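The lines below spell out each chain.
2 protein chains.
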Amino acid sequence: MPLLNSGIFSNTDSTDKTVRSLGESEVIERIRQWLGSVTPATPLGIGDDCAIIETPAGMKQLLTTDSITYGQHIDGSVGAKDAGSKLIKRNVSDIAAMGGEPGPALLNLLMGPDVSIKWLEAFISGVKEASARYRISIVGGDMSELEAGHFSAALTLLGTAKQKPLLRHTAAISDWIFVTGTLGGSILGKHYAFEPRLIEGQWLAKQEEVTSMMDLTDGLGKDLAAILPDHASAEIETKRLPISSDARTFEQQDGKAAVEHAFCDGEDYELLFTLSTAADIDLFESDWKKEFPELELSRIGRITKAHPEGRYIDATTKKPLNWATGFEHFKKR
Amino acid sequence: MPLLNSGIFSNTDSTDKTVRSLGESEVIERIRQWLGSVTPATPLGIGDDCAIIETPAGMKQLLTTDSITYGQHIDGSVGAKDAGSKLIKRNVSDIAAMGGEPGPALLNLLMGPDVSIKWLEAFISGVKEASARYRISIVGGDMSELEAGHFSAALTLLGTAKQKPLLRHTAAISDWIFVTGTLGGSILGKHYAFEPRLIEGQWLAKQEEVTSMMDLTDGLGKDLAAILPDHASAEIETKRLPISSDARTFEQQDGKAAVEHAFCDGEDYELLFTLSTAADIDLFESDWKKEFPELELSRIGRITKAHPEGRYIDATTKKPLNWATGFEHFKKR
Numbered sequence: 000m001p002l003l004n005s006g007i008f009s010n011t012d013s014t015d016k017t018v019r020s021l022g023e024s025e026v027i028e029r030i031r032q033w034l035g036s037v038t039p040a041t042p043l044g045i046g047d048d049c050a051i052i053e054t055p056a057g058m059k060q061l062l063t064t065d066s067i068t069y070g071q072h073i074d075g076s077v078g079a080k081d082a083g084s085k086l087i088k089r090n091v092s093d094i095a096a097m098g099g100e101p102g103p104a105l106l107n108l109l110m111g112p113d114v115s116i117k118w119l120e121a122f123i124s125g126v127k128e129a130s131a132r133y134r135i136s137i138v139g140g141d142m143s144e145l146e147a148g149h150f151s152a153a154l155t156l157l158g159t160a161k162q163k164p165l166l167r168h169t170a171a172i173s174d175w176i177f178v179t180g181t182l183g184g185s186i187l188g189k190h191y192a193f194e195p196r197l198i199e200g201q202w203l204a205k206q207e208e209v210t211s212m213m214d215l216t217d218g219l220g221k222d223l224a225a226i227l228p229d230h231a232s233a234e235i236e237t238k239r240l241p242i243s244s245d246a247r248t249f250e251q252q253d254g255k256a257a258v259e260h261a262f263c264d265g266e267d268y269e270l271l272f273t274l275s276t277a278a279d280i281d282l283f284e285s286d287w288k289k290e291f292p293e294l295e296l297s298r299i300g301r302i303t304k305a306h307p308e309g310r311y312i313d314a315t316t317k318k319p320l321n322w323a324t325g326f327e328h329f330k331k332r
Numbered sequence: 000m001p002l003l004n005s006g007i008f009s010n011t012d013s014t015d016k017t018v019r020s021l022g023e024s025e026v027i028e029r030i031r032q033w034l035g036s037v038t039p040a041t042p043l044g045i046g047d048d049c050a051i052i053e054t055p056a057g058m059k060q061l062l063t064t065d066s067i068t069y070g071q072h073i074d075g076s077v078g079a080k081d082a083g084s085k086l087i088k089r090n091v092s093d094i095a096a097m098g099g100e101p102g103p104a105l106l107n108l109l110m111g112p113d114v115s116i117k118w119l120e121a122f123i124s125g126v127k128e129a130s131a132r133y134r135i136s137i138v139g140g141d142m143s144e145l146e147a148g149h150f151s152a153a154l155t156l157l158g159t160a161k162q163k164p165l166l167r168h169t170a171a172i173s174d175w176i177f178v179t180g181t182l183g184g185s186i187l188g189k190h191y192a193f194e195p196r197l198i199e200g201q202w203l204a205k206q207e208e209v210t211s212m213m214d215l216t217d218g219l220g221k222d223l224a225a226i227l228p229d230h231a232s233a234e235i236e237t238k239r240l241p242i243s244s245d246a247r248t249f250e251q252q253d254g255k256a257a258v259e260h261a262f263c264d265g266e267d268y269e270l271l272f273t274l275s276t277a278a279d280i281d282l283f284e285s286d287w288k289k290e291f292p293e294l295e296l297s298r299i300g301r302i303t304k305a306h307p308e309g310r311y312i313d314a315t316t317k318k319p320l321n322w323a324t325g326f327e328h329f330k331k332r
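Just so you know, the protein sequences line up as chains A and B, in that order.
For what it's worth, numbering that gives the first Met the number 0 labels the leading residue of the first sequence as 0, then goes sequentially.
For what it's worth, numbering that gives the first Met the number 0 labels the leading residue of the second sequence as 0, then goes sequentially.
Hints listed in this document are in silico derivations from the structure and should not be mistaken for laboratory results.
The reader is advised that the hints may include incorrect statements.
What the hints assert, rightly or not - With a Cα cut of at most 27 Å, we get these calculated DSS-like pairs of lysine-lysine: (1) Lys59(A) / Lys163(A); (2) Lys59(A) / Lys163(B); (3) Lys59(B) / Lys163(A); (4) Lys163(A) / Lys289(A); (5) Lys161(A) / Lys59(B); (6) Lys238(B) / Lys161(B); (7) Lys205(B) / Lys289(B); (8) Lys59(B) / Lys59(A); (9) Lys238(A) / Lys255(A); (10) Lys80(A) / Lys16(B); (11) Lys117(A) / Lys16(B); (12) Lys161(B) / Lys161(A); (13) Lys16(A) / Lys117(B); (14) Lys163(B) / Lys16(A); (15) Lys317(A) / Lys304(A); (16) Lys59(A) / Lys161(B).
The model shown is predicted, which means the values in this text are computed figures rather than measured ones.
Using the sequences and the accompanying hints, generate a full structural model.
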């Protein structure tokens, strides 16, 4: 290989900006700007759980991609089969967040030459089991070589939406904010043992009063910002935040309050959605209970006009919630 | 991070099988077996240039993915903009190989935190220019973190086929074998300056006598095997192999015959296709010349019944062609 440092990587003593110095959100925003006219505006372009493709036949297709990288999403503590299953489920969760149904998929593998065949077989068995469960066909893919000690797998998943897909950016002032399940501490196990909320997402997409939806991957504190309209805040009823037992266990370990874990930890893979103020909440909640008696549903707050003190406000004290918000990739931790 | 060696990577002194000890083709074959019922048989599954998706509306969609990885496909000698452009063109070439038209795409980036923003901007400008040229929309994507010093970008490209897509596995005994352009020595420049044969592929897909098609990525010597029927050989008229000027330059540098470079080097991104013996060759070739006066077309041989001495036979001497065949990823070189 020619010269190693050819401008692609910056030395630590360089003043060049790097992916780390900007952080993930800013890098994504710049890429969107650089792409300019070749990337369409939301909802057809970058920025929702899935891209929506209008086909000539008038059908709506969903398209999403998500990856599993050694050192970032998985490590030696996760079994190979669980890792393969997680790759499928992460993508199914994106389809669920639009109310869609998963379809065919492509599998991209990037691997060092030292990846063990035994491990890879177990990884693929996880891919297979989860694919069968969600009726996904693996129709193709690609394989690339990385240096020894590296592994990354990306899945691209197509889906279809029977009804209008639920988007992120369509909530309004006064809408109620809901989450499914319980939140926080997923690192203790749920981050690979989760169940994507596929049938729940499809059911929610059929309810006309549901105004927006997304899945929780980076933590409620970060993801909630994506569904807030411009010039709006969220009033959170902190006592209604559904705290998982893992968040409580985590509190014992690191001393950070369980409710803060529920608000800030990533990889919950629950649904975050908003309900129009025109809806009959009691009826909606009782319909939910009939459909999904075993999955908790929590009304955690409401969208309000922009509050002078911040985007997230404690509904009781009207003071800003001063928890660190979510997970920013690439930044030094 | 917990224990580094958790079974995903094998030590060099281990007797475990690894991706390197099996090589790319065998790993792909095993993955196909492991996936079993969740991967459909060709042409709907793994093994052609694109997957073909039958939509409910009866339209045929194409789906392909290909990546650019630092250290494998690009290095410090390739400009960032050329690398971005190459990522798009590699995928367009796969759509071309089915006779399709490119559509929306997803961009996955895997990057070390030290990737320079200046370099990334130039890379994306290459993605943008090439996307605009082939009327591709970047509708979404994903970003993951790798260790410092690493960069990989994968594109997943959707396409549509107006007519029946041309497959790889549909050639018959006695069909003529053709290639477009000139072959060999692409490492001297063409491997990123190439032009995907999109309009040529679409034209070929409309000609009823064309029986199979693929694009040349791993080298004619390896790729030709993919279109040979079982129990068949290819008789190659070595004097008709279209040798590029780069292959001749390369011969001066490494002493390997230019014709061997043409047969064995990778990344030509030309089309390899077969023509039925029922076709009027003279008419076909003159039609080609009218449509594409500037792109060479070479009839390089013919498919025959299995020859006892090998799959590739010199048409003149009837002896096996004893050139090393193509590029096998992961194997030590």
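Each hint tested on the structure:
1. Lys59(A) / Lys163(A): holds, 8 Å
2. Lys59(A) / Lys163(B): Satisfied, since the Cα-Cα distance of roughly 23 Å is no more than 27 Å.
3. Lys59(B) / Lys163(A): holds, 23 Å
4. Lys163(A) / Lys289(A): holds, 23 Å
5. Lys161(A) / Lys59(B): holds, 19 Å
6. Lys238(B) / Lys161(B): violated, 36 Å
7. Lys205(B) / Lys289(B): holds, 15 Å
8. Lys59(B) / Lys59(A): holds, 15 Å
9. Lys238(A) / Lys255(A): holds, 16 Å
10. Lys80(A) / Lys16(B): It holds: about 18 Å lies between the C-alpha atoms, which stays within 27 Å.
11. Lys117(A) / Lys16(B): holds, 7 Å
12. Lys161(B) / Lys161(A): Distance of about 25 Å is within 27 Å: holds.
13. Lys16(A) / Lys117(B): holds, 7 Å
14. Lys163(B) / Lys16(A): violated, 48 Å
15. Lys317(A) / Lys304(A): Cα-Cα ~13 Å, so holds.
16. Lys59(A) / Lys161(B): holds, 19 Å
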